[in-house]
Amino acid sequence: DQQVKQNSPSLSVQEGRISILNCDYTNSMFDYFLWYKKYPAEGPTFLISISSIKDKNEDGRFTVFLNKSAKHLSLHIVPSQPGDSAVYFCAASDAGGATNKLIFGTGTLLAVQP
Amino acid sequence: GAGVSQSPSNKVTEKGKDVELRCDPISGHTALYWYRQSLGQGLEFLIYFQGNSAPDKSGLPSDRFSAERTGGSVSTLTIQRTQQEDSAVYLCASSPGQGGGNTIYFGEGSWLTVV
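Line order of the protein sequences matches chains W and L.
For the first sequence, my numbering assigns the number 22 to the initial residue and increments by one for each residue that follows.
For the second sequence, my numbering assigns the number 4 to the initial residue and increments by one for each residue that follows.
Certain hints may be false.
[Said to hold, decoys possible] Here are the computed distance ranges between Cβ atoms for each label pair:
1) Q134/W - S69/L: 39 to 47 Å
2) K89/W - A57/L: 27 to 35 Å
3) G104/W - T81/L: 35 to 43 Å
[Unchecked claim] Covered stretches of chain L, as calculated for chain W (at least 3 residues, CB under 8 Å):
4) 39-50
5) 107-113
[Claimed, not checked] Listing some non-contacts, in silico: residues in chain L with all C-beta distances to chain W over 10 Å:
6) T16
7) K18
8) K20
9) E23
10) D27
11) I29
12) G31
13) D59
14) S65
15) F68
16) E71
17) Q86
Calculated directly from the structure, the hints in this document are not laboratory data.
No residue lacks a Cβ here, since even glycine has one placed at the ideal position from N, Cα and C.
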């Protein structure tokens, strides 16, 4: 049972335009969400997070939106740059639970075309 | 060190052999995780250690997989009698403490190829 789903395996965007990466989850206990970025042959790096008490968190070019009723979150990158080309993983956890186990989606490969 | 350190970075082993993968978490981090990513797949949770609590082993795919964390710091993931489907990158991560809301930080991974 895939509790965190990223239904788009890939996305191609022109440089300067907005990239929107989507993520859906099924577990209503999840209340903390993160996005990680992964370049080939490297470990994932933390990008941005959001708690369920918020519906938006912004950090520079990156904004994460959370729609709890729809169990959906999205990552917006604007303007997109060629260096943003990577695999983006959505992750979720039950922050009120006893562990901090993150459940990851399958990732979306973003290609930003110059 | 400054980040999570994993060794070896690459390992090629014959089917049926045992392998050990090592992880040094960020200094002071009490929580340690192992994930793996098979080709074309997402990040699969394997095991989680937090302080002196019993580890969460719910993600280990079979009894050929085990992990230890000695002294609350270094961890070793052991795969016995390796199979070709064990080929993947094994990622270790650590975070500052217990409870939710902590960001986890990954190492570069150990790339395992079983031939």
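Hint check results:
For Q134/W and S69/L, the hinted distance range of 39 to 47 Å is satisfied, since their beta carbons lie about 45 Å from each other. For the pair K89/W and A57/L, the beta carbons lie near 32 Å from each other, so the given range of 27 to 35 Å is met. A beta carbon spacing of about 38 Å between G104/W and T81/L agrees with the range 35 to 43 Å that was offered as a hint. Closer than 8 Å: that is the beta-carbon criterion, and the segment 39-50 of chain L has 5 residues meeting it against chain W, so the requirement of 3 holds.
Judged by the Cβ-Cβ criterion of 8 Å, the segment 107-113 of chain L is covered by chain W as claimed, because 6 of its residues qualify and three suffice. Look at T16/L: its CB is around 19 Å from the nearest CB on chain W, clear of 10 Å, so calling it non-interface holds up. Look at K18/L: its CB is around 24 Å from the nearest CB on chain W, clear of 10 Å, so calling it non-interface holds up. At roughly 24 Å from the closest C-beta of chain W, the C-beta of K20/L stays outside 10 Å, upholding its exclusion from the interface.
Separation of E23/L from chain W is adequate, the least Cβ-Cβ distance of about 19 Å exceeding the 10 Å criterion. Even its closest Cβ contact with chain W, about 13 Å, leaves D27/L beyond 10 Å, as expected for a residue assigned away from the interface. No Cβ of chain W approaches the Cβ of I29/L within 10 Å, the least distance being about 12 Å, so the stated non-interface status holds. No beta-carbon of chain W is positioned within 10 Å of the beta-carbon of G31/L; the least distance is around 15 Å.
The claim that D59/L is not at the interface with chain W is violated, since a C-beta of that chain comes within 10 Å of its own (minimum 6 Å). Taking the minimum C-beta to C-beta distance to chain W, about 19 Å, the non-interface status of S65/L holds against the 10 Å cut. For F68/L, the non-interface assignment is confirmed: its Cβ lies about 16 Å from the closest Cβ of chain W, beyond the 10 Å cut-off. With a cut of 10 Å on Cβ distances, E71/L stays outside the contact zone with chain W, its closest approach being about 18 Å.
Against the 10 Å criterion, Q86/L stays outside the reach of chain W, whose nearest CB is about 22 Å from its own CB.
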